[in-house]
Amino acid sequence: MTDQAVSVPRRESPLLRFVKGLALIRESWVGMIGLGIIVFWSLVAIFADILAPFPPNQPGLPLAPPGSASLDGLGVYWLGTDQLGRDTLSRIIHGSRQVLLYAPLATFCAYFVGIPMGLAAGYRRGLTDDVLSFIANVILSFPVLVLYIIIIATIGASGSNIVIAVTFASAPGVMRIVRGLVLDLRNREYVFAAETRGESAWRIMLVEILPNARGPLIVDACLRLGYVVITIGTLGFLGLGLPPPDPDWGGMVSELRQFAIVDPMLAVFPCIAISSLVLGFNLLADGLREVSLRD
Amino acid sequence: MLIFMVRRFGTMALTMLVVSILVFLLLEINVESVATKVLGPYTSQEQRELWLERNGYTDPAIWRYLRWLGNFVVGDFGDSVRFKVPVSDVLWPRLANTAILGGIALFIASIIGLTLGVIAGMREGGARDRGVSVGAVLTTSVPEFASAVFLSGLLVFTWPVLPGTSGMADGFDLVQLVLPVMVLVIYDWGYVARMTRASMAEVMMTHYIRTAVLKGLPYGQVIRKHALRNALIAPFTVIMLQINWLLSGVIVVEVAFAYKGFGSLLYEASLNSDIYLIEACAMVAVFVAVMTQTLADIGYTYLNPRIRFS
Chain A
0 MTDQAVSVPR RESPLLRFVK GLALIRESWV GMIGLGIIVF WSLVAIFADI
50 LAPFPPNQPG LPLAPPGSAS LDGLGVYWLG TDQLGRDTLS RIIHGSRQVL
100 LYAPLATFCA YFVGIPMGLA AGYRRGLTDD VLSFIANVIL SFPVLVLYII
150 IIATIGASGS NIVIAVTFAS APGVMRIVRG LVLDLRNREY VFAAETRGES
200 AWRIMLVEIL PNARGPLIVD ACLRLGYVVI TIGTLGFLGL GLPPPDPDWG
250 GMVSELRQFA IVDPMLAVFP CIAISSLVLG FNLLADGLRE VSLRD
Chain B
0 MLIFMVRRFG TMALTMLVVS ILVFLLLEIN VESVATKVLG PYTSQEQREL
50 WLERNGYTDP AIWRYLRWLG NFVVGDFGDS VRFKVPVSDV LWPRLANTAI
100 LGGIALFIAS IIGLTLGVIA GMREGGARDR GVSVGAVLTT SVPEFASAVF
150 LSGLLVFTWP VLPGTSGMAD GFDLVQLVLP VMVLVIYDWG YVARMTRASM
200 AEVMMTHYIR TAVLKGLPYG QVIRKHALRN ALIAPFTVIM LQINWLLSGV
250 IVVEVAFAYK GFGSLLYEAS LNSDIYLIEA CAMVAVFVAV MTQTLADIGY
300 TYLNPRIRFS
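Respectively, the protein sequence lines represent chains A and B. Last residue of the first sequence: 294 (numbering that gives the first Met the number 0), numbering continuous. Last residue of the second sequence: 309 (numbering that gives the first Met the number 0), numbering continuous.
Simulated from the structure, these hints should not be mistaken for lab results. Beta carbons: idealized from backbone N, C-alpha and C, even for Gly. Keep in mind that the hints are not guaranteed to be accurate.
Stated by the list, open to error - Label-pair ranges, simulated between beta-carbon atoms:
| no. | chain 1 | residue 1 | chain 2 | residue 2 | range |
| --- | --- | --- | --- | --- | --- |
| 1 | A | F107 | B | V17 | 23 to 31 angstroms |
| 2 | A | R293 | B | G9 | 38 to 46 angstroms |
| 3 | A | A200 | B | A98 | 44 to 52 angstroms |
| 4 | B | R53 | A | I271 | 53 to 61 angstroms |
| 5 | A | P210 | B | D75 | 47 to 55 angstroms |
| 6 | B | G298 | A | F107 | 33 to 41 angstroms |
| 7 | B | L38 | A | P210 | 34 to 42 angstroms |
| 8 | A | F107 | B | L13 | 27 to 35 angstroms |
Said to hold, decoys possible - Now the stretches of chain A that chain B is said to cover, found in silico as 3 or more residues with beta-carbon under 8 angstroms:
| no. | stretch |
| --- | --- |
| 9 | 230-240 |
| 10 | 260-270 |
Unchecked claim - Here are a few chain B residues that face chain A, going by a calculated C-beta distance under 8 angstroms:
| no. | residue |
| --- | --- |
| 11 | Y218 |
| 12 | Q220 |
| 13 | L246 |
| 14 | I250 |
| 15 | V251 |
| 16 | S269 |
| 17 | V285 |
| 18 | A288 |
Same shape as in the complex, but just chain A:
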């Protein structure tokens, strides 16, 4: 009995606490809707091969209206087909893979570059801050799409180049947010304690400061993910995105839009897909912000 009374409660692992923090999203119905939409599209992407009724690049009956039967009568084009007779529903399902691969990847790269810049600018201040902030201001003064068009026009359109372009254009924004947070956190007592212990500057930045800045950064990452989805879609719409024939939501919209005179509904479906995914990220960000402001 006494043994139990003196036993110290075990400290939870940082990972578990992190997950528990994220689980607070249950308290916000807005956030739960957003999370639901994201989980839905993630499952669609994972099980695309099982869910899609047709192979995404298989030609069939061209410009079939939604709900019409395929040529061999075995399948139904629930959302119609494009000018080559490829099933829109299957292409939307397979297109989710592209978006859910490149959007998180590009956002991650932007954070990977932007976080060290922001930490250095906010913690070291002085000349480091001046130089990094100026670079960030220069890049952020471009209207984003103008910057994307110049970069893509120079290095060509491909998945990895989209990641490069998004990283280049978004890292300064990440840097600015991290810098602001660090300027606030660097005067905390645990930072002074770490400095007194003689910890190295990068250890203080990465181990002491960064974990305490995670709240706003997670919210920002969600918003940014949504915006990167819009960006990838827009580049696809402009024909500067992923090369054909693999399905890409933005590219599908620009193809199907040309046949709006035949059936305006055809282009609407990929638009709904992309808008819903962006909405999911935005709602999740709203929910997380609401929950984090509560305590």
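Guided by the hints, dock chain B onto chain A, whose structure is given.
For chain B alone, kept in the frame of chain A given last:
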């Protein structure tokens, strides 16, 4: 104030300088690709080398940059490969068209955003606040190209009340502007509304508003005379910074509706590797963005009596 303005414009000039270096590095540092882009891919090696030599591309990069920059400053952007005319001949009329489209869109988006933002911020957490917030999240989640498809599906094909393209083939036509403006407003109003709401909510928490309410002033008067003046300072900056976003938005909208503006020009230029036109468009776009940012900063300090720079 004067020193502050001089300093702001100095920063602006420096930013433009670095932007020009960046644009030059991205588009002109590789002379081989410049020659290929200007002369086309089916030219011989000798032709390209001759062209490079004749146009001074054999000089060191730093000289080429300085000459390029000098020409830019005096408004000589070179010749467009696609249109076969000086870039400035195509650029300025297109920019004017975009100014019309963007100006109208920004005006309407600001009016809607400010009004709804103030209404939402008056009672934080109330039904109206919730409604405006949900509306703002919904509309800012729809990319411009998607709302272009939705709207033209409704208003062009299902109920044909509006023209589907805005090419202005038979002279300027205001009806053709309706859809592009609608798309831009739908995407942009939410951000203004959210910022206004936050600013308004903050003001409504202050002591002087509580005092005004408690001393028995009519609620409308409290809002109009006490709250609005202070709440509308921050949104001013937001609206000015919105111009930067609008410049991205107009590219999509102009391409979607074939409107002959600056955005579709840049798009055409990039599809045709029209290098001098891309450079000119990029520099002009950044100039407009940086200029509005500078004006926003100066305007903010002018409007906000709490900030004074010596």
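Hints and how they fare:
1. A hinted range of 23 to 31 angstroms for the beta carbons of F107/A and V17/B is consistent with their spacing of about 27 angstroms.
2. Between R293/A and G9/B the Cβ separation comes to about 44 angstroms, which falls inside the hinted range of 38 to 46 angstroms.
3. Distance hint for A200/A and A98/B: a CB-CB separation of about 48 angstroms, consistent with the stated range 44 to 52 angstroms.
4. Roughly 54 angstroms separates the CB atoms of R53/B and I271/A, a value that falls within the hinted 53 to 61 angstroms.
5. The hinted range of 47 to 55 angstroms is satisfied by P210/A and D75/B, whose Cβ atoms lie roughly 54 angstroms apart.
6. Separation of G298/B from F107/A is about 37 angstroms and conforms to the stated range, judged on CB atoms against 33 to 41 angstroms.
7. Taking the beta carbon of each, L38/B and P210/A are about 56 angstroms apart, not inside 34 to 42 angstroms as hinted.
8. Restraint check, F107/A to L13/B: a C-beta distance of roughly 32 angstroms satisfies the suggested window 27 to 35 angstroms.
9. Check result for the stretch 230-240 of chain A against chain B: holds, 6 residues qualifying (beta carbon to beta carbon below 8 angstroms, three or more required).
10. Residue count for the stretch 260-270 of chain A with a Cβ under 8 angstroms from a Cβ of chain B: 6. That meets the three needed, and the coverage hint holds.
11. With a least beta-carbon distance of about 27 angstroms to chain A, the hint placing Y218/B at the interface is violated under the 8 angstroms criterion.
12. A hinted interface residue such as Q220/B counts as satisfied when its beta carbon comes closer than 8 angstroms to some beta carbon of chain A; here the least separation is about 31 angstroms, so the hint is violated.
13. Against a cut-off of 8 angstroms between C-beta atoms, the interface hint on L246/B holds, since the closest Cβ of chain A lies about 4 angstroms away.
14. A cut of 8 angstroms between beta carbons decides the hint on I250/B: the least distance to chain A is about 5 angstroms, and the hint holds.
15. Given hint, V251/B at the interface with chain A, holds; its Cβ is 6 angstroms from that chain's nearest Cβ, closer than 8 angstroms.
16. The beta carbon of S269/B comes within 4 angstroms of a beta carbon in chain A, closer than 8 angstroms, and the hint placing it at the interface holds.
17. Checking V285/B against chain A: minimum C-beta separation of about 6 angstroms stays under 8 angstroms; hint holds.
18. Evaluation of the A288/B hint against chain A yields a held restraint, the C-beta minimum of about 5 angstroms falling below 8 angstroms.
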